Amino acid sequence: MGAGEVVVEARNLTKIYRDFWGRKKVEALRSLSMTVERGEIFGLLGPNGSGKTTTIKLLLGLLFPTSGDALVLGKGADDVNKFEKIGYLPEESYLYKFLSAEETLEFYGRLFNMSRAERRRRSAALIEQVGLNHARKRLVKEYSKGMARRIGLAQALINDPEVVFLDEPTSGLDPIGTREMKDLILDLRAKGKTIVMCSHLLADVQDVCDRVAILHQGELKEYGRVSDLLEIQDLTEVRARGLSDSAKERIREIIAGDGATLESMGHPSTTLEDLFLRIVRESQAHPGRRYLPERSSEKADPASVSDQR
Amino acid sequence: MTIEQEFPDLTQWPVLQGALAYWGQTLLILVLLGLGVASFRDIIIRFQDTLSSRGFMAAMVGLPIAILGGILGTVRSLAVGLLEIVALPLGIRRVWAIARLAIQESIRRRVLYVLLLFLVPFLFAGWYLPKAEEGQLLYLVGFTNTTIGWLLLPMVLFVVGMSIPNDLKSRTIQTVVTKPIRRIEFIVGRVLGFMIVFTIVILVMGGVSLAYIYYQVSDQVLRDQWTARVPVYAKVEDPNSSPFYFIKQGVAGLAGTNVGREWNYRSHIEGDTPDEVRWFFTFNPKQFAGVDRTKVGMTFDVFKTTKGNPTRDEDESSGVWASLDFIDLQNPQNKFDRAFRVNNNRLTEITIPTSVLSSGQVLVRAQCVTRNQYIGMAKHDLFLLAREQSFEWNFIKGLITLWLKMLFLTSVAVSASTVLNGFVTVIFTIGAYVVGLVHNFLMEVAGGKILGGGPIESLVRLVTQMNQQADIEQGFIRSVINIFDPILTRFLAAVGAVVPDLSTIETAEYVASGFDIPSWLMMRNALLVVGYVIPVIIVGYFLFRGRETAA
Ligand SMILES: Nc1ncnc2c1ncn2[C@@H]1O[C@H](COP(=O)(O)OP(=O)(O)OP(=O)(O)O)[C@@H](O)[C@H]1O
Ligand SMILES: [Mg+2]
Chain A
1 MGAGEVVVEA RNLTKIYRDF WGRKKVEALR SLSMTVERGE IFGLLGPNGS GKTTTIKLLL
61 GLLFPTSGDA LVLGKGADDV NKFEKIGYLP EESYLYKFLS AEETLEFYGR LFNMSRAERR
121 RRSAALIEQV GLNHARKRLV KEYSKGMARR IGLAQALIND PEVVFLDEPT SGLDPIGTRE
181 MKDLILDLRA KGKTIVMCSH LLADVQDVCD RVAILHQGEL KEYGRVSDLL EIQDLTEVRA
241 RGLSDSAKER IREIIAGDGA TLESMGHPST TLEDLFLRIV RESQAHPGRR YLPERSSEKA
301 DPASVSDQR
Chain B
1 MTIEQEFPDL TQWPVLQGAL AYWGQTLLIL VLLGLGVASF RDIIIRFQDT LSSRGFMAAM
61 VGLPIAILGG ILGTVRSLAV GLLEIVALPL GIRRVWAIAR LAIQESIRRR VLYVLLLFLV
121 PFLFAGWYLP KAEEGQLLYL VGFTNTTIGW LLLPMVLFVV GMSIPNDLKS RTIQTVVTKP
181 IRRIEFIVGR VLGFMIVFTI VILVMGGVSL AYIYYQVSDQ VLRDQWTARV PVYAKVEDPN
241 SSPFYFIKQG VAGLAGTNVG REWNYRSHIE GDTPDEVRWF FTFNPKQFAG VDRTKVGMTF
301 DVFKTTKGNP TRDEDESSGV WASLDFIDLQ NPQNKFDRAF RVNNNRLTEI TIPTSVLSSG
361 QVLVRAQCVT RNQYIGMAKH DLFLLAREQS FEWNFIKGLI TLWLKMLFLT SVAVSASTVL
421 NGFVTVIFTI GAYVVGLVHN FLMEVAGGKI LGGGPIESLV RLVTQMNQQA DIEQGFIRSV
481 INIFDPILTR FLAAVGAVVP DLSTIETAEY VASGFDIPSW LMMRNALLVV GYVIPVIIVG
541 YFLFRGRETA A
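Residue numbers (this note's numbering), protein chains in the order written: chain A, 1 to 309; chain B, 1 to 551.
Bound-form chain B, shown alone:
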């Protein structure tokens, strides 16, 4: 597993503050936008009413009043709406009544039979279990997470998406909304009820999965990989200095020697020269307390300029060697160095005395020892392994990520279903999910970063089997492309902006490869999803308030 992209650490208060401010700003823009649209609609309706009852002249004369009335009416209903949202805690019993109803509905409608369906794939999963120890956990964790995800998805879509439309169709809603219940309580109650059901489902499925994985993997995997390692990466407090840099021919810089690798994630240093790489670590030393020796993990790239396998196992003296110096920055006398053979692109582990980490501020210098060979490194290629966490808890953290995804889908489905019918809600929710998954690609298309042009241009190329780089001739098609592609691109950008990037919240890989899911990632995921869910529910609430429940 390599970490290419870095997210801001939201466990740090200033970072979190910034994120919240940004979120609030976005929300405000959303509110103003909604206010504009709603007022406009109100004004049109008022105008039309006068038009149909008293004619064109009266309507024109009354237009200023209609505009004023429209804006005031909308502001008023917004204010009432916000008050109801703020008063939500007062209606907790009603929220719970609706939640209970959703749970009872799920149980009585036999939705939980999905749990049985869930067991079916397990009968066959064992067939494909890799024999090699390394792949087993990867396969099993991937398999169980995928299975749970794919079984929950239709459940969310059909149970949640159909729920309010069913209420409207069977008109049961009419006896509910004529009770003193606020629409926000109704929506939140629905989301809450379904999430309770999904929590139970996820817990049961997760428990079964965990037991299943435990009994499927070999003893050796249980010994070596049944854990959640906690890597501590290079970090400095000062945001303006880099915790990782190269020193090439005596000059510090963010890159070393370019050996011509296509993937420029890593940069290289040459063997048997004074060139070096430095990592600065700032951390809480408590994470390492209690043990004499601490593991250090590395994933380096070896670039060889001589023939032969540089990392042959049989020959101790062969291969590419590197040396590491660990220096306590508080007390430079406290240091440790060690040379070792580098595994090419695979995890290499060495152990160091924990005492060198005691101050919580450590400099690590790396040099390549072997002449004519190069070692490639990046910031995240060297990490200290803090006290390990349990695999089980890590697995549960992985399930929480899944839960967050379900929360997103559930609130989208509930909110959409306040105005759309069941079928359209399902399609809409699938759409939101897919956009969330291919978010990256979408933004690239929208940003013009994809070879072959915008959506229509790409379509033309696809249909006419034209090369991605060949020019499309001037003429009708070119004009169509020139006109519509920018519009579509904007549209895609807008869609991308309102749907979260669901691909980045994925955490199953951490669990599978035995790394603890970092708390900042959990935090970020939770904030990302909740940050979306709140406005989605609020939008759903206003849509629901604006609709007749008996039409």
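Bound conformation, chain A alone:
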């Protein structure tokens, strides 16, 4: 891992949801340890119900950990000052329906003790940026899902935060919106912000994230740089269109002549998707085990499919 400044840290974070009587309902997160460094885009991946949202809520102090610590900017749960530098876009846009877009940003701006002029300036710029200029005076309750999402994002950025938590940022957005959101995330990174996002849309994550943690049923399964995770050093992939049979034969010969072995030749699938599916399947086969990329023995494992080695 790099030597950057750690801005988000989970230490043995465990969350057990309990019912009113303190009885255990779900163990949503089991002993998660991870760090996010300044200036990177960190992705939390995992199937539905794997504990992504729970992790973010624990980091933000919306939930209290059963054990372990959640630190953002080095500060724990009961220090509200850290929120001066944090932005949060929840899973769905939880906004006051009786306010208009402008009033919404006005309200959140006040919570940051911003002066009137600054509030005006920030909110006008953000409404412009998220493309809601035409609907700035309309009540949020009349907004479509994507529009609500956009104003939710504007709300998260009102204070020009250093660390931004985005829970499924692209959900509800149209393809253009999705593209814009991704550009915006990259743009934030370019400005030196740190982004923690969670998603199960792998393409989105692959496009923007520097590092990811993959969760499955509350356990950390894989954790590292996206490029490292996906790169298999000794593997070469050949992709071509309209290759004739004789050409394919010649390529096989060249490979054999070089002393290498041809594993397969076919239609490769998205690699993050591969990794993801493999982890999920393997976790189901061996619950409770951290996924280990045992590269040499993998061939023998019938559970790993579409392996290109």
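Note that these hints are calculated values from the structure, not bench results.
Owing to the predicted nature of the structure, the values given are computational and were not obtained by experimental measurement.
Fair warning: there could be bad hints in the mix.
Each computed DMTMM-like pair below joins lysine to aspartate or glutamate, with the alpha-carbon atoms no more than 25 angstroms apart [to be verified]:
#1 LYS169(B) - GLU168(A)
#2 LYS85(A) - GLU548(B)
#3 LYS85(A) - GLU84(B)
#4 LYS25(A) - GLU548(B)
#5 LYS82(A) - ASP49(B)
#6 LYS82(A) - GLU84(B)
#7 LYS169(B) - GLU92(A)
#8 LYS75(A) - ASP42(B)
#9 LYS97(A) - GLU548(B)
#10 LYS25(A) - ASP42(B)
#11 LYS75(A) - ASP49(B)
#12 LYS169(B) - GLU102(A)
#13 LYS25(A) - ASP49(B)
#14 LYS24(A) - GLU548(B)
#15 LYS169(B) - GLU106(A)
#16 LYS75(A) - ASP501(B)
#17 LYS24(A) - GLU84(B)
#18 LYS169(B) - ASP204(A)
#19 LYS169(B) - GLU282(A)
#20 LYS169(B) - GLU142(A)
#21 LYS169(B) - ASP19(A)
#22 LYS169(B) - GLU162(A)
Please build the complex by placing chain B with the ligands on the supplied structure of chain A, with the hints as guidance.
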């Protein structure tokens, strides 16, 4: 209107100081109690965690650490909490943001339509207006105050009580508490916002009411009763001597002759004897400045030993007569005396020259003139009427009392709703309100002063239709009563101790009967309510801090 009970005059600094000290003491006990409960909870959680992860032995070994950790953790969070409370003024903009939100919510959710609902009863109120002049103001002031009160109550309950639970349910709270806002700012902001809405509502409703009353009452009422008289009661500076006493057969005492009236509020003196009653007045003479003559009001009881109506109007010489001597204590030459006929249990007014009051220290002696008749008097039965205040301002003071009640309910509802869901909050707040209203009765039950025993015993008597004084036989029921009644009684006493006596803050009667609401009463009410509201908000704050906002 009779004043039976006297409250300490909180406008006097030593009295106020004592009250504040008592309040601080109570608050401290509350804090320690909360600290104990919170630590205990923390310790249990720590213990359970080790128990589930590392087994019983480890948990037992780790118990001292858990206890220490629990206490330290709680003390720490208390300290952080207190710091945030002290720092509240720094977050005034955030408080205002939340308050504005509450106001916007009330307006956009059309809560203010209640104002229209308010007008409905007025369409019918005129039907029941008493013809007799005496009852009109009483009726109208009572009616408007009750209407405002009853319309505000559901508003407080449903708008305020549902507000935070709605935030939690719609999860909007999650985008708020992830901003640099302290929970105390959130709670205070909510209370502030709703109170602004209620203030507007009360002012509008009050204004409409006042205009309505003005146009409904007859001209004569406007002339005679549209005022706020300011009675000055007997008082001495020395707390060890009484400003009011009897002299019976040459001996001073706090009671006169007992004529066998059931209500022993008043004591009597016999007519045509040297027996007398004395009142000592100490007051600021400025209150009487500017007029030549000053009114003196009296409400005496007449007890007759001869037949006939002692107070027949037609016959000047009939009736029971009393004589009053006013003596300036600084200058005994400056005095005034006068005899007059007593109205039985109704207000009698006479006028005296204001000059006799010029020093601010006056002795008043009363004797009964008519042979074989008795006059009953109490401390508050004779008062000097200082310069009158305006009815309108008095009416507004009455509304302030209502406002204080709303403040109490609003803070209870806001604080309760930080941990309870909307429905339970509403029930809880109604409960607190009802307990506040029947406080007196509750304390009597708790103190064992009610005939028929404690709660369960009374219930048994009710169900079996048993006489209140008959003994319940030994046996199962008696044992149940013996075991549970004391527990329940303690419980009631505890409940009574944490809820203010809301029945004593009532002031509508003053307004209706044309008496100025005394400033000490206003002050006491304000202190009583604020003294409750502050700890209620603090408790709400700690509860809110201790809860997950995303569960
Ligand atoms: N308030 C709650 N009470 C009880 N269980 C909960 C609660 N919130 C979440 N859970 C459970 O915790 C687990 C993790 O949920 P979480 O919301 O973190 O998943 P997620 O990874 O965000 O899923 P998704 O992709 O669907 O958003 C799930 O089993 C869920 O049922
Ligand atoms: Mg989620």
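Taking the hints in turn, this is what the structure says about them:
no., hint, verdict
1, LYS169(B) - GLU168(A), "20 angstroms, holds"
2, LYS85(A) - GLU548(B), "21 angstroms, holds"
3, LYS85(A) - GLU84(B), "19 angstroms, holds"
4, LYS25(A) - GLU548(B), "16 angstroms, holds"
5, LYS82(A) - ASP49(B), "28 angstroms, violated"
6, LYS82(A) - GLU84(B), "15 angstroms, holds"
7, LYS169(B) - GLU92(A), "13 angstroms, holds"
8, LYS75(A) - ASP42(B), "21 angstroms, holds"
9, LYS97(A) - GLU548(B), "23 angstroms, holds"
10, LYS25(A) - ASP42(B), "20 angstroms, holds"
11, LYS75(A) - ASP49(B), "24 angstroms, holds"
12, LYS169(B) - GLU102(A), "24 angstroms, holds"
13, LYS25(A) - ASP49(B), "15 angstroms, holds"
14, LYS24(A) - GLU548(B), "16 angstroms, holds"
15, LYS169(B) - GLU106(A), "23 angstroms, holds"
16, LYS75(A) - ASP501(B), "45 angstroms, violated"
17, LYS24(A) - GLU84(B), "33 angstroms, violated"
18, LYS169(B) - ASP204(A), "30 angstroms, violated"
19, LYS169(B) - GLU282(A), "37 angstroms, violated"
20, LYS169(B) - GLU142(A), "19 angstroms, holds"
21, LYS169(B) - ASP19(A), "17 angstroms, holds"
22, LYS169(B) - GLU162(A), "29 angstroms, violated"
When held up to the earlier numbered hints, the structure conflicts with 5, 16, 17, 18, 19, 22 and fits the remainder.
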